[in-house]
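Since the structure of chain Z is already known, use the hints to place chain A on it.
Here is what each chain is made of, one letter per residue.
2 protein chains.
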Amino acid sequence: MAQDPLVIFTPSGKRGRFPVGTPVLQAARSLGVDLDSVCGGRGICSKCQVAPAFGNFPKHGVEVAEDALSEFNSVEERYDRVRGLKPGRRLGCQATIQGDIVVDVPPESQVHKQVIRKRAEAREITMEPSTKLYYVEVAEPEMHDPSGDLERLIAALADQWDLTGVKTDLHILHVLQRALRKGGWKVTVAVHLGDDTQPPKIMEIWPGFYDGSIYGLAIDLGSTTIAAHLCDLQSGEVVASSGLMNPQIRFGEDLMSRVSYAMMNPGGDQEMTQAVREGMNTLFEQIAEEAGIDKTLIVEAVLVCNPVMHHLFLGVDPYELGQAPFALVTSDALHLRAAELDLSLHPAARVYILPCIAGHVGADAAAVALSEAPYKSDDLMLVVDVGTNAEILLGNKDRVLACSSPTGPAFEGAQISSGQRAAPGAIERVEIDPITKEPRFRVIGSDLWSDEDGFDASIAVSGITGICGSGIIELVAEMRLAGIVDGPGLIGAPKQTGTERCFLDGRTYSYLVWDGSDEGGPKITVTNRDIREIQMAKAALYSGARLLMDKFGVDTVDRIVLAGAFGAHISPKHAMVLGMIPDCSLDNVSSAGNAAGTGARIALLNTESRREIEATVRQIEKIETAIEPRFQEHFVNASNIPNAVEPFPILQSLVTLPEVSFNTGNGGQGQRRRSRRRSD
Amino acid sequence: MAQDPLVIFTPSGKRGRFPVGTPVLQAARSLGVDLDSVCGGRGICSKCQVAPAFGNFPKHGVEVAEDALSEFNSVEERYDRVRGLKPGRRLGCQATIQGDIVVDVPPESQVHKQVIRKRAEAREITMEPSTKLYYVEVAEPEMHDPSGDLERLIAALADQWDLTGVKTDLHILHVLQRALRKGGWKVTVAVHLGDDTQPPKIMEIWPGFYDGSIYGLAIDLGSTTIAAHLCDLQSGEVVASSGLMNPQIRFGEDLMSRVSYAMMNPGGDQEMTQAVREGMNTLFEQIAEEAGIDKTLIVEAVLVCNPVMHHLFLGVDPYELGQAPFALVTSDALHLRAAELDLSLHPAARVYILPCIAGHVGADAAAVALSEAPYKSDDLMLVVDVGTNAEILLGNKDRVLACSSPTGPAFEGAQISSGQRAAPGAIERVEIDPITKEPRFRVIGSDLWSDEDGFDASIAVSGITGICGSGIIELVAEMRLAGIVDGPGLIGAPKQTGTERCFLDGRTYSYLVWDGSDEGGPKITVTNRDIREIQMAKAALYSGARLLMDKFGVDTVDRIVLAGAFGAHISPKHAMVLGMIPDCSLDNVSSAGNAAGTGARIALLNTESRREIEATVRQIEKIETAIEPRFQEHFVNASNIPNAVEPFPILQSLVTLPEVSFNTGNGGQGQRRRSRRRSD
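So the sequences go chain by chain: Z and A. Per the numbering used here, numbering through the first sequence is continuous, rising by one, with the last residue being 680. Per the numbering used here, numbering through the second sequence is continuous, rising by one, with the last residue being 680.
Okay, chain Z solo, but in the shape it has when bound (with noise of 0.2 Å):
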């Protein structure tokens, strides 16, 4: 007797022998092969899409005959005409094997694809999203053996699905009957596959088959903007990306005002969680537009947040978070209702809250864990984002440690004389010539120098209007290495500088970037508070790396990742001028954008990264700056611009750290604070 036909599946090389007339995706489904199907093999989804291959494979030792998969049959006819089917492609469920095949599962055609990402070093996002679609076929009702309808619906999804234990939704009950009818039994479902809160559920139903898809939202609730993503739960495509300011801005710019908020008026908690809550449905309606779709479609978020936003959006007063010990109220991933948190979704849709890490330390920081990975990491990854806290994580995949750092708002353009936020107009990019001491600059909104042609005219609209955080950085480093400033943070004086752009300006020199008052427009200037007021974010910022540095107990790292919208700006030589990161090869230190975003997209399109963090999360060792007297310590030794004899020997293979020093010994320069407030 002759052997049953060979099926070779790629590119997973899975194999087995079929009877003849087998259909692929029979054969795919009992070789574990990942082939997609929605309606359930019934030739109506075309998820099932297969590319059979032939010839002579002397790698998988057979060859393939023309004649090994049946003809077209009348359901991949009428599919091809009515919705075209790429040459080449059939449909698993019509196509029957008749001879050894070699059949290829596109990426399409797989469930648990993996999502395309931009960055080259990011890590794959594998689709296995929470909620999923069903295509059922459900037995009609007997009087003679009474049941629900939704019991059938159940024991349908058991039969045709192994979906086992699925409870619904109340809201479903209401729609059920007409569905079931309307569909003639058959009907698609959304179910969730349950979570540590529930078991699988029934989120939606439509008569029929459905032909659209279900979307998810990963959003980054920050203090000043909350951005989301909305994303396809069956293709991982991003359809749409939108932000909008979060409407709590006017309780307080950064967080401790709005916890100060919260403290000075009763119910002022509560406004700020209304206020953020309505924020979020705002942003709904705009993302939901701009992708042309039903918000009722959004079955699922991802939300992740620094611990203040967390308590806030959850309606619970941040007191706490405003106070030693900085108890969270609670630390865990929180499976929460949509509805139960005013938020307007699908009536059922589901939130998912990345676990906190410490008081200070939050989901936000969670999920840059999650998208960086340190913790599956060979090499020693320092990872940094940059906001007006700067959450920071060392470690490799033995050990994770976790600090949070107050490095105030001077990297995001405030509280420095001429800052503003990175916006049109704002001086980002800076070189000083070492020689003339002359600045040139770029402005956001342009693509050309100062000192180009056709600069005045690409600037006329937004003109020159302050410095941003990553134009102040660029500046300080340039003006230290152009010899402007000395290690201790000094602005030289005319005569010891060589330019009159430095001036005395109250009991200390200013460097004079731009002057724009014949035009009506602002003097720019850097003055020596500003230089002081970066010397402490930044010493905040290191001291915290060095703190985890002393901890872990190394001197280098080998690789940092500068994460968040700074961290995306910010130019690895002049932060590592300024002190700001450990010495580190340039090659090594990258920017990895909104990794806390892209955190919450992975959370939201693969639940098993979820419980990924969860366990992460948990191991990593937190460490509370506050209470480590080491970090008063390496804040002190921090606040200094690196120079010529301090060790950094990568920065010092690059760069010629000018021995300057405008001290005049009489304290004038005031006394340096050696404590900041927690704030943001």
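These are calculated hints, taken from the structure and not from any lab test. Heads up, some of the hints might be wrong.
If chains are identical, the list can't say which one is meant, so a pair holds when it fits in one copy or spans any two.
To be verified - Within a straight-line C-alpha distance of at most 35 Å, the following computed DSBU-like cross-link-like pairs (lysine-lysine) qualify:
1. 397 x 167
2. 86 x 14
3. 551 x 167
4. 295 x 186
5. 397 x 551
6. 113 x 167
7. 186 x 113
8. 397 x 376
9. 295 x 167
10. 14 x 573
Relative to chain Z, chain A alone:
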């Protein structure tokens, strides 16, 4: 070495040896003795009170010395001083073992105590509620090892109470931090122990030791009235009972007219849903006020109702229940949140709805089954819940059958010419002298018979206004026994019956019960049409029972239980005279009162019973009378009132059924209706 002291607990008889100094509570726990404690042995809650016995106990083989327990300690002294300890009682957590001892655990100290029931034959209810109180000491936050306050509370519940996997409701996060700090890190929590749709959840939190109780509602949602019992979930006691008219009555008296209302009026089902939910909320206010408790202490409700009420309460259009195949939207038990049903109780309160048996046999019938437990009976039991639909259960521990039979509203006094609801003024008991054919009766609101002295005075306020359901049964049965009505149901002429109370009333005769027209009151009569209505109703009831007996393959039953308010007032003898129920020894016919309400109470107080009735309902064989040809056959045969020639041996041994026949042969009585619409 001397043996450790022997400790014997009564009434369980559990015994073991424990080192001197072991607290009694600890000994009880290690032996699995059912001894309550909310505070976990900290001398706060006094739930672990025990009664040590001293002296010689030959039965147990011990001699208990006076010093077999430690002396009263300061905790017990303080408790006795402040709250009072019954003589002979000790606190099990404070008294320690010093020698051989016999310790009685009084019922009130048992967790799984049995609720006292009034009926001797009633099943016991063992306390095992879904929500319990726990006192815990929570670790304080620690900066060196940050964790959420919730996570430390959950850890405390696991450590101190072996409760694992506990989650929380969102609202707890809003109050948790304050409660923990106010209680000095000692709190009492109410934990719902979980169900099919959720893990164990913290429902409520109180700072320190909470000395009060938590409550649950057992609700019988009828088409006419909504009745509820408020139960203490710790003691099991009913602390208040209340009821109100179902506000849906304005949309239709019976269920079928409500189904019609929904069909005729778009959104009519939603109006009715809103009405019944508002009615429930009114009832909750009422019952909480009666009990003098805050209604947010009500953490659980169990609901039973018929299928139409079930759907309308859930917000489901009852359309499908109005037509074959009478498909329920869902038949399984439901675990819901009170908030999603717009019920205003504790914010996290849970609602459990018993399973429905079939499209016409609802959760109320399931509750009757739970209360009367035919599935546990050795005898063959017929359980009839008499309403406008009769739900009938027949079975024993091997097999249970169920059906519903459309009795119509005649048994409730509707569609009877002088009929009325059971209310003061309604005739409820009747006797007719077989010689004089004169009636005497009793009226609701008076304890006197109409021929007794003082009767007129006793009814001065209510008057005599009509005949209620049980009254009409007795009247017709008495008319039959007095020879005023013949077997086929005709009222005789005066010359046939020998009384002028029979009078020509259109084409047939009526019987005058009472004439109050001289005083401006009604003339209360029984028309031949009334007899027909009663015949139809009783035939429907009897045929349903008979059909189940056929299916079971029996001709007699061992016991009959009449459930429902009507069943509570009906006279078994008169019911048998009418042929409503099968022939059965009167000793074996009993009334179960509001068995549906009792079933709800059992399900409220004992969660194990929920699993029991869910499993039972799946096993019950459902018979749909509408499609059973034998039902029609029985119905036709059963429309006659029993007479001497038909085989009712037990009935005939009790009473003499006069052999009268008033048929004139002219067919003037009109066609008997052979089919009845399904209603209520």
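Notebook entry, point to check: Given identical chains, is residue 295 near residue 186, meaning Cα to Cα at most 35 Å, within a copy, between copies, both, or neither?
Noted result: Result: close within a single copy only, 25 Å intra versus 44 Å inter.
Item checked: Homomeric proximity label, residue 397 with residue 167: Cα distance no greater than 35 Å -> between (39 Å within a copy, 30 Å between copies)
Next item on the list: If the cutoff is 35 Å on CA atoms, where do residue 551 and residue 167 land: within, between, both or neither? Let me know, please.
Entry: So residue 551 and residue 167 pass the 35 Å test across copies only (34 Å; inside, 48 Å).
Check: Are the CA atoms of residue 186 and residue 113 at most 35 Å apart within a copy, between copies, both, or neither?
Finding: within (27 Å within a copy, 50 Å between copies)
Next item on the list: Tell me, please, which holds for residue 397 and residue 376 at an alpha-carbon limit of 35 Å: within, between, both or neither?
Entry: Within one copy, since 5 Å is at most 35 Å while 60 Å is not.
Check: Within a copy, between copies, both or neither: where do residue 113 and residue 167 come within 35 Å Cα-Cα?
Finding: Close inside one copy (27 Å) and across copies (33 Å); limit 35 Å.
Margin query: I want to check one pair: residue 86 and residue 14. Are their C-alpha atoms no more than 35 Å apart within a copy, between two copies, both, or neither?
Written below: within (24 Å within a copy, 76 Å between copies)
Notebook entry, point to check: Is it within a copy, between copies, both, or neither that the alpha carbon of residue 14 lies no farther than 35 Å from that of residue 573?
Noted result: Answer is neither: 49 Å inside a copy and 77 Å across each miss the 35 Å cutoff.
Margin query: I want to check one pair: residue 295 and residue 167. Are their C-alpha atoms no more than 35 Å apart within a copy, between two copies, both, or neither?
Written below: both (23 Å within a copy, 29 Å between copies)
Item checked: 35 Å Cα threshold - placement of residue 551 relative to residue 397 -> within (16 Å within a copy, 69 Å between copies)
Of the numbered hints listed earlier, the single one contradicted by the structure is hint 10.
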